[in-house]
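**Q** Put together the whole structure using the sequences plus the hints.
If you want the building blocks of each chain, they are given just below.
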Amino acid sequence: MSTKVDTTPIARQKRNRFLLQAACIAVSLFMLIPIYLISLAALSSRASLNEFPLSLLPTNLSVETLTGFLGATGIFGALGNSLIVGAGTLILAALIGVPAGYALARFSFRGKDPYQLFLLFTRALPIVVLSVPLARLFLTVDIYDTTYAVILLHTALALPTTILISASVFLSVPIDVEEAARLFGCSPLGAFGRVVLPMALPGLAAASIFTFVMSWNEVLGASILTLDHRTLPAQVLSSLSDSPLAYRFAGGFALVIPSIIFIALMRRYLTNMWGSTIR
Amino acid sequence: MVVEAPPTPAATVAPPRHRKIPPAVLLIGPSVVFMALLLGWPVVQGVLQAFKDDQGFTLEFVNRMVQDPYFWPAVRNTLLLIVVMIPLQFALAIAMALMLRSNPRLHKVHFFIWAIPLALSDLAAGLVWLAIFNDRGYLNSALSWFGLQGISWLAYDNQTSMFICVLIAELWRATSLVLIIVVAGLQGIPKDYDEAAQVFGATFWQRLRHVTLPLLKPSLQVALILRTILAFQTFAVAQALTGQNFPLVVGETYRWYTGLQNPNVAAALALVILVVSMVTSIFYLRALRDKNQGGLR
Amino acid sequence: MADIQISNLVKTYPGGSERATDDVSLSIRDGEFTVLLGPSGCGKTTLLRMIAGLELPDSGSISIGGRDVTYLPPNKRNLSMVFQSYAVFPHRKVRYNIGFGLRMAKVPADEIERKVQWAADLLQLGPYLDRLPANLSGGQRQRVAVARAIVMDADVLLMDEPLSNLDALLRLTFRSELKKIVQDLGTTTVYVTHDQSEALSLGDQVAVMRKGRIVQLGDPLDVYDAPADQFVGGFIGSPPMNFLDAAVSHDGGTLVLGEQQLMAPSILRSFAGKDVLLGVRAENVTVSNQRSSGDVAATVLVVEPMGSTVLLTVEVDGHNLKVQAPPTFKTAPRHTVWLGFAPNTMRVYDRETSMALEAK
Chain A
1 MSTKVDTTPI ARQKRNRFLL QAACIAVSLF MLIPIYLISL AALSSRASLN
51 EFPLSLLPTN LSVETLTGFL GATGIFGALG NSLIVGAGTL ILAALIGVPA
101 GYALARFSFR GKDPYQLFLL FTRALPIVVL SVPLARLFLT VDIYDTTYAV
151 ILLHTALALP TTILISASVF LSVPIDVEEA ARLFGCSPLG AFGRVVLPMA
201 LPGLAAASIF TFVMSWNEVL GASILTLDHR TLPAQVLSSL SDSPLAYRFA
251 GGFALVIPSI IFIALMRRYL TNMWGSTIR
Chain B
280 MVVEAPPTPA ATVAPPRHRK IPPAVLLIGP SVVFMALLLG WPVVQGVLQA
330 FKDDQGFTLE FVNRMVQDPY FWPAVRNTLL LIVVMIPLQF ALAIAMALML
380 RSNPRLHKVH FFIWAIPLAL SDLAAGLVWL AIFNDRGYLN SALSWFGLQG
430 ISWLAYDNQT SMFICVLIAE LWRATSLVLI IVVAGLQGIP KDYDEAAQVF
480 GATFWQRLRH VTLPLLKPSL QVALILRTIL AFQTFAVAQA LTGQNFPLVV
530 GETYRWYTGL QNPNVAAALA LVILVVSMVT SIFYLRALRD KNQGGLR
Chain C
577 MADIQISNLV KTYPGGSERA TDDVSLSIRD GEFTVLLGPS GCGKTTLLRM
627 IAGLELPDSG SISIGGRDVT YLPPNKRNLS MVFQSYAVFP HRKVRYNIGF
677 GLRMAKVPAD EIERKVQWAA DLLQLGPYLD RLPANLSGGQ RQRVAVARAI
727 VMDADVLLMD EPLSNLDALL RLTFRSELKK IVQDLGTTTV YVTHDQSEAL
777 SLGDQVAVMR KGRIVQLGDP LDVYDAPADQ FVGGFIGSPP MNFLDAAVSH
827 DGGTLVLGEQ QLMAPSILRS FAGKDVLLGV RAENVTVSNQ RSSGDVAATV
877 LVVEPMGSTV LLTVEVDGHN LKVQAPPTFK TAPRHTVWLG FAPNTMRVYD
927 RETSMALEAK
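Protein chains in written order, with this note's numbering: chain A, 1 to 279; chain B, 280 to 576; chain C, 577 to 936.
It is worth saying that the hints were derived from the structure and are not from the lab.
Among the hints, a few may not be true.
Cβ-to-Cβ under 8 Å is the rule here; a few derived chain B residues that face chain C [said to hold, decoys possible]:
| id | residue |
| --- | --- |
| 1 | Val490 |
| 2 | Pro493 |
| 3 | Leu494 |
Below are the PhoX-like pairs computed for lysine-lysine, each with C-alpha atoms no more than 20 Å apart in a straight line [unchecked claim]:
| id | chain 1 | residue 1 | chain 2 | residue 2 |
| --- | --- | --- | --- | --- |
| 4 | B | Lys496 | C | Lys669 |
| 5 | C | Lys652 | A | Lys14 |
| 6 | B | Lys470 | B | Lys496 |
| 7 | C | Lys682 | C | Lys652 |
Glycine included, every Cβ here is placed at the ideal spot set by N, Cα and C.
**A** The following block contains the structure:
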């Protein structure tokens with residue numbers, strides 16, 4: 001017996017697929033067009049930025065605006081400060097946070113639940129709340145307006161997330177493997193170094209990039225804690241009101257490009273990273 | 280999400296005899312000390328700074344804060360932004376996550392593109408959209424290529440369009456955080472539930488309402504708390520787009536601290552943010568828990 | 577209730593090179609219980625999912641009760657299904673879970689209530705109706721999944737390895753319960769499993785699948801007794817069928833196993849002088865410590881007392897065989913035992929194609 005096959009559902013399905021693709025492309029365009037335009041603005045000459053209407057196509061590319069921005073006072077130093085603060089935060093947060101994450105994943109101890117609650121609670125602490133009193137503290141211990149001050153603040157901000165993420169990374173390393181290493185003669189530290197750490201490393205690396213991104217982007221705390229040793233966003237913010245548009249566009253571009261690289265570096269871990277914030 | 284676990288059994292408590300410090304304490308210790316020093320202490324100091332001057336307790340700083348002409352507009356703008364933005368953002372993020380789940384062509388590329396703003400600061404987002412929305416920017420240029428007269432989107436007397444500009448910039452920047460959490464949440468839901476609902480006759484909307492969204496609730500709760508807290512902290516977007524024309528509470532803190540050099544009023548403003556953040560978080564936790572599995576476990 | 581007609585169904589998964597189902601045709605009568613049996617990756621689950629509408633075929637057609645449903649979405653097919661993972665909604669109470677399908681179909685509340693109560697009584701879920709699935713045992717969750725499927729008055733009931741996540745004892749008791757429930761309902765049922773004992777005990781007909789094709793379709797006893805090829809014989813039965821290389825003598829009257837001989841079944845007359853593959857089930861071989869005429873000598877390798885029988889692994893002419901002896905049978909490794917083969921229980925297969933040989 002052969003019934004006639006009704007293919008109308010397939011046609012409907014095809015139409016839905018088409019709409020789906022179109023919607024995806026529309027969202028992608030919404031995400032990409034602003035990035036294209038800021039790149040276009042940053043790569044246009046000062047003269048062509050003063051024209052109106054602006055050309056929407058890259059007809060008049062020049063690095064004049066960008067070199068002008070990089071040559072402006074304080075920008076080069078700010079870029080260096082940003083890198084130092086980012087790297088310092090990354091190292092300090094890993095040194096303090098990874099062991100704590102390991103303990104959360106592997107041990108049960110008194111106060112574990114309050115500790116985890118405390119970590120979650122710190123998420124609700126706005127940066128402003130911390131920055132203003134910290135500025136006073138750092139003044140008294142004489143590290144105000146140094147990169148150390150910003151590193152300490154950023155580490156404190158990143159630490160809860162680092163701990164929670166590394167705990168979830170360690171949880172994904174099966175405990176059997178560690179026990180097997182112990183059984184075959186490794187010390188606790190040896191088992192950690194030889195077996196657990198190599199398996200956890202990709203996840204921890206992604207967590208570190210996350211820390212770096214947070215530090216790279218943080219504006220308010222860095223602005224409040226420093227005067228002459230500002231990070232890049234803080235420098236851009238503080239000179240915002242008295243700088244020409246071209247300078248602001250170049251600044252925006254300089255802040256956008258690294259973020260694309262960051263996301264490209266850790267795209268495989270994106271959902272693990274932020275997904276693990278669910279707990 | 281706060282899961283109340285049963286109290287730690289007494290067996291894990293260290294025996295009273297003399298012993299080495301347990302390894303967990305050694306591993307956790309530094310983080311506790313560090314956070315107490317750099318997170319706990321500043322909060323205490325912040326409260327003191329806001330309510331104490333040389334003579335002792337005072338409400339002077341709070342009064343100055345409230346009497347500042349920018350204060351109430353800043354509060355209004357902050358709340359308005361959150362009330363309008365959060366629902367839009369969640370609808371958008373859920374739709375985007377569902378689109379990705381139905382495996383469109385190039386879904387990995389789309390996901391990457393949609394995640395880019397995740398690593399963007401609100402300052403960067405503000406500057407990006409400044410290139411578009413300023414009077415001689417790309418939006419007005421595009422309009423004029425079509426022969427249309429541009430609008431001063433960011434002008435002081437145009438509060439509505441200014442609000443829309445800040446809203447779009449924030450939607451552009453911060454939807455990806457919600458998206459990532461929702462995508463991760465969806466990945467954690469076995470496909471079987473959706474398939475079971477399909478087989479038992481549920482339409483797309485019925486599945487969304489009765490199966491997918493309820494199962495996503497824990498993720499949505501986390502995203503909601505996180506996103507709202509972060510939204511209270513938004514300020515550089517508005518600063519970059521409008522200068523002082525669209526005040527937000529955190530921006531006021533920055534102005535009081537750096538511009539007006541008054542850390543005490545700045546501390547008082549910071550406490551407003553803290554209190555509102557806490558209250559909202561608790562509200563979300565209550566509201567989203569009670570409806571569901573109240574009294575269970 | 578309805579019959580199912582499947583014809584020439586082809587499905588290749590995107591990115592896959594092999595066909596998940598390769599030109600499968602299958603006819604299931606109204607009210608029949610059909611089991612799709614095969615090892616993992618044989619296409620049985622794909623076939624079930626295409627009936628459900630969860631996968632769409634590349635070509636071919638499926639009709640249920642005379643209505644073409646090949647490309648219809650699952651929610652328009654009037655089916656119900658029990659999933660391997662149960663897929664019991666964790667955020668809802670048992671009561672809601674059982675009534676889910678009815679609620680989606682906008683059945684009046686009092687009728688939903690009545691039917692849920694009926695299904696809950698049938699599956700002894702009465703006391704658990706107001707619990708969340710997290711507070712149920714695996715077996716109880718399984719019952720909820722079955723209850724949810726049977727309240728539906730669906731045309732077809734689909735089951736995807738519903739017993740595979742239960743422990744062995746529970747599986748056995750629930751299997752018979754499931755059989756009774758489905759028998760009483762009389763719904764057309766398609767049941768997927770990799771467990772041959774489930775297939776034999778439950779099915780009205782069994783379709784054995786391998787590499788995307790149905791290699792044998794028939795009554796469970798026929799499939800067990802006369803496997804269509806070496807694969808089916810080796811897959812069905814515990815222990816599986818034994819296979820031995822043998823040659824048919826020139827007069828067709830005897831089978832030659834190395835240096836020994838046995839009486840050949842009559843169908844081999846037409847294969848005189850050929851090499852064949854001999855298939856014989858453990859329970860069809862008599863084992864004895866004394867030689868009778870026609871017996872074959874075998875060396876005992878392993879002795880496994882199973883309680884009701886003793887399972888012996890023996891060697892004949894370089895082949896290992898599994899045979900059964902009564903529990904009182906005494907022997908030990910390296911002893912010689914004598915095996916008796918009844919000619920009418922032997923099956924013979926082509927050595928090249930491993931297909932069953934039919935008398936010409």
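**Q** If a hint holds in the structure, say so; if it does not, say that too.
**A** Okay, the hints, checked on the actual structure:
no., hint, result
1, Val490, "holds (6 Å)"
2, Pro493, "holds (5 Å)"
3, Leu494, "holds (6 Å)"
4, Lys496(B) to Lys669(C), "holds (16 Å)"
5, Lys652(C) to Lys14(A), "holds (18 Å)"
6, Lys470(B) to Lys496(B), "holds (16 Å)"
7, Lys682(C) to Lys652(C), "holds (14 Å)"
Every hint from the earlier list agrees with this structure, and none is contradicted.
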